[in-house]
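S.K.: With these hints in hand, go ahead and build the complete structure from the sequences.
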Amino acid sequence: MDGKQYFLPTSWYWWAVYYRPSIFDQYGLEPPKTWDEFLQVCETLKQNGFTPLTIGTKYRWTAAAWFDYLNMRVNGPEFHINLMLGTEKYDDPRVLKVFTDYWAPLIENGYFLEDAAAYSWQEGLQFMIDGSAAMYLMGDFVRDSFPDELEDDLDFFQFPIIDPSVPIGEDAPTDGYFIAADAQHPEEAKALLGFLGSVEMQQYFAEKLRRLSTHSGVDVSVFSPQQQKGIAMMQTADYVAQFYDRDTTPEMADEGMNGFMEFWDNPDSIADILARLEQVRQEIFESE
Amino acid sequence: MVRRRTLSKLTPYLFLILPLIIYLIWVIGPMFYTFYLSLTDWDGLSTPNFIGWRNYQRLFKDPVFYISLKNNLKWVLSFITIPVVAGLALAMALNRAIPLEKFFKASFYSPLVLSLVVCGLMWSWAYHPAHGLINSALRLMGLDALAQGWLSDKDLVMWSIIVVGIWRQVGYVMVLYLAGLQGVDPSLVDASKVDGCTGWQTFRHVIFPLLAPVTVIVVVISVIDSLRAFDLVSVMTRGGPFNSSSVLANFMYIEAFNNYKMGYGAAIAVILFLISLVFIFTYLWRILQTEMEY
Numbered sequence: 001m002d003g004k005q006y007f008l009p010t011s012w013y014w015w016a017v018y019y020r021p022s023i024f025d026q027y028g029l030e031p032p033k034t035w036d037e038f039l040q041v042c043e044t045l046k047q048n049g050f051t052p053l054t055i056g057t058k059y060r061w062t063a064a065a066w067f068d069y070l071n072m073r074v075n076g077p078e079f080h081i082n083l084m085l086g087t088e089k090y091d092d093p094r095v096l097k098v099f100t101d102y103w104a105p106l107i108e109n110g111y112f113l114e115d116a117a118a119y120s121w122q123e124g125l126q127f128m129i130d131g132s133a134a135m136y137l138m139g140d141f142v143r144d145s146f147p148d149e150l151e152d153d154l155d156f157f158q159f160p161i162i163d164p165s166v167p168i169g170e171d172a173p174t175d176g177y178f179i180a181a182d183a184q185h186p187e188e189a190k191a192l193l194g195f196l197g198s199v200e201m202q203q204y205f206a207e208k209l210r211r212l213s214t215h216s217g218v219d220v221s222v223f224s225p226q227q228q229k230g231i232a233m234m235q236t237a238d239y240v241a242q243f244y245d246r247d248t249t250p251e252m253a254d255e256g257m258n259g260f261m262e263f264w265d266n267p268d269s270i271a272d273i274l275a276r277l278e279q280v281r282q283e284i285f286e287s288e
Numbered sequence: 289m290v291r292r293r294t295l296s297k298l299t300p301y302l303f304l305i306l307p308l309i310i311y312l313i314w315v316i317g318p319m320f321y322t323f324y325l326s327l328t329d330w331d332g333l334s335t336p337n338f339i340g341w342r343n344y345q346r347l348f349k350d351p352v353f354y355i356s357l358k359n360n361l362k363w364v365l366s367f368i369t370i371p372v373v374a375g376l377a378l379a380m381a382l383n384r385a386i387p388l389e390k391f392f393k394a395s396f397y398s399p400l401v402l403s404l405v406v407c408g409l410m411w412s413w414a415y416h417p418a419h420g421l422i423n424s425a426l427r428l429m430g431l432d433a434l435a436q437g438w439l440s441d442k443d444l445v446m447w448s449i450i451v452v453g454i455w456r457q458v459g460y461v462m463v464l465y466l467a468g469l470q471g472v473d474p475s476l477v478d479a480s481k482v483d484g485c486t487g488w489q490t491f492r493h494v495i496f497p498l499l500a501p502v503t504v505i506v507v508v509i510s511v512i513d514s515l516r517a518f519d520l521v522s523v524m525t526r527g528g529p530f531n532s533s534s535v536l537a538n539f540m541y542i543e544a545f546n547n548y549k550m551g552y553g554a555a556i557a558v559i560l561f562l563i564s565l566v567f568i569f570t571y572l573w574r575i576l577q578t579e580m581e582y
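Taken in order, these protein sequences are the chains called V and G. Each residue of the first sequence is one higher than the one before, starting from 1 at the first, in this note's numbering. Each residue of the second sequence is one higher than the one before, starting from 289 at the first, in this note's numbering.
Don't read these hints as lab results, they were simulated from the structure. Just so it is clear, CB atoms sit at the ideal spot from N, CA and C, and this is done for glycine as well. A hint or two may mislead.
Said to hold, decoys possible - Derived pair list, reagent style SDA-like, types lysine to any residue, alpha-carbon separation capped at 20 Å:
{"#": "1", "chain 1": "G", "residue 1": "K442", "chain 2": "V", "residue 2": "N266"}
{"#": "2", "chain 1": "V", "residue 1": "K89", "chain 2": "V", "residue 2": "V222"}
{"#": "3", "chain 1": "G", "residue 1": "K349", "chain 2": "V", "residue 2": "N266"}
{"#": "4", "chain 1": "G", "residue 1": "K349", "chain 2": "V", "residue 2": "F285"}
{"#": "5", "chain 1": "V", "residue 1": "K4", "chain 2": "G", "residue 2": "K358"}
{"#": "6", "chain 1": "G", "residue 1": "K442", "chain 2": "V", "residue 2": "E114"}
{"#": "7", "chain 1": "G", "residue 1": "K349", "chain 2": "V", "residue 2": "E108"}
{"#": "8", "chain 1": "G", "residue 1": "K442", "chain 2": "V", "residue 2": "I107"}
{"#": "9", "chain 1": "V", "residue 1": "K46", "chain 2": "V", "residue 2": "E108"}
{"#": "10", "chain 1": "G", "residue 1": "K358", "chain 2": "G", "residue 2": "R516"}
{"#": "11", "chain 1": "G", "residue 1": "K349", "chain 2": "V", "residue 2": "E286"}
Said to hold, decoys possible - One side of the interface only, derived from the structure: several residues of chain V facing chain G at Cβ under 7 Å:
{"#": "12", "residue": "L106"}
{"#": "13", "residue": "D115"}
{"#": "14", "residue": "A117"}
{"#": "15", "residue": "A118"}
{"#": "16", "residue": "D140"}
{"#": "17", "residue": "D247"}
{"#": "18", "residue": "P250"}
{"#": "19", "residue": "N258"}
{"#": "20", "residue": "E262"}
M.R.: Now the structure itself:
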């Protein structure tokens with residue numbers, strides 16, 4: 001429409017580090033706020049026989065979440081989004097720093113689940129459910145897959161702050177509706193979207209489906225305390241990203257995620273991987 | 289009289305017309321359309337623009353193409369050796385009246401009844417590094433060191449998937465050879481025994497040569513199945529980790545439907561078609577030759 005694309009957002013969810021409070025309590029651990037605290041927590045858990053961070057990277061996007069957060073925490077959301085949009089380079093030293101100084105140590109210290117690439121994200125969750133793993137960087141939808149009887153033993157904390165001087169960026173994918181440009185009944189479609197986006201319908205969805213609404217007129221008291229906590233966390237964020245494979249083009253995301261998996265398998269090869277990703281970025285964003 | 293003769297000559301072709309038309313519309317037509325698409329930059333949504341050989345130039349510089357080719361080659365070499373030998377051995381072993389003969393034949397054939405997707409899922413569970421059948425059994429036997437990330441280790445993953453293909457293929461080859469063995473004249477086998485041949489000599493010089501037509505079919509079908517391999521890879525690893533288990537068909541699927549590069553996917557499909565054509569022609573040429581001998 002008038003050369004622009006319009007999108008009606010209706011619901012969203014946040015990402016955070018989910019954890020088992022009972023495991024933390026066993027060793028007197030508090031949800032970490034800084035990177036050093038986070039590394040301490042991981043080390044303590046590892047020493048006591050737990051897998052600090054579980055993850056299932058078979059479908060790769062769970063690994064992309066780590067890139068999103070580390071890049072936003074280290075280099076700021078503006079740099080991150082520009083990288084997604086193809087205006088920053090993948091072989092920039094700032095990108096390399098994310099891998100060598102923050103991500104590689106986590107892998108090399110053995111803080112992640114072994115053989116993560118063999119598991120889907122739900123299979124990765126299994127290790128947290130059976131109590132052998134303590135934390136999982138994941139979206140709020142993880143609560144749906146957590147067994148009811150353990151519902152009270154699942155909490156989350158904001159991804160630790162690495163550099164307090166850097167603005168806070170969070171991943172909060174948003175769902176909503178588009179109308180096709182050549183729709184046969186555009187007026188009716190617009191009426192439907194108007195109805196779906198109205199405060200009454202949004203309130204109804206919020207109460208019945210317990211999905212966070214994007215409409216600011218919805219009364220948030222219908223949401224659980226955990227959800228209130230998530231909403232409050234997002235309100236302190238300076239920037240909201242949509243997630244790696246939504247913020248950049250599908251082709252770049254495919255190459256990027258393969259790159260993350262290759263790095264995970266062999267952290268020392270990251271320089272070559274980034275050089276290759278930079279080539280791909282140029283082909284995609286800078287040709288014709 | 290003449291009219292009836294012409295009609296009876298025409299009848300086969302009249303019967304063929306309907307399937308032929310369906311074949312032309314649904315198989316040959318799309319084939320030519322794919323050739324055309326491979327010369328465009330179609331993304332599946334907007335109008336295609338003609339770009340000549342650019343997709344092919346990009347393909348021959350793409351490292352994933354060469355990884356996929358290598359993986360298909362691994363698949364071909366595995367498929368024309370192991371299932372053929374194992375299937376033949378099983379057919380020889382089960383071609384006599386032993387107790388439970390039917391049970392064994394049915395068991396070895398049963399994986400073929402399952403769809404490839406189901407096989408892929410089942411084996412993914414067996415390969416589960418922490419709780420799967422294989423690693424759990426190894427740990428139970430105290431062989432912890434042998435427990436691997438079967439689908440997460442980039443050096444093992446392709447072979448882990450091929451094992452599933454072989455597991456399924458052996459029954460198929462066994463059935464083909466069992467049928468072939470029915471066609472082996474028992475008097476020839478008896479004659480060789482009378483001449484003093486050992487079992488192995490009988491097999492090598494009498495039975496195996498007589499099974500040659502079956503062997504040709506088995507090898508060609510194995511090659512074509514290896515080139516077409518898609519379902520297992522797609523279900524078990526999606527070509528991962530980072531393209532280690534990529535095969536041409538899976539590569540084409542991801543480029544066309546995930547990356548919205550239909551033109552590029554079409555180019556991959558055309559190359560796959562040309563490779564298969566070599567083997568199909570060999571097969572058809574042999575079949576036509578044998579037919580002409582009659």
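S.K.: Hint by hint, work out which the structure violates, then give me just those numbers in ascending order.
M.R.: 2, 3, 5, 7, 12, 16 and 17
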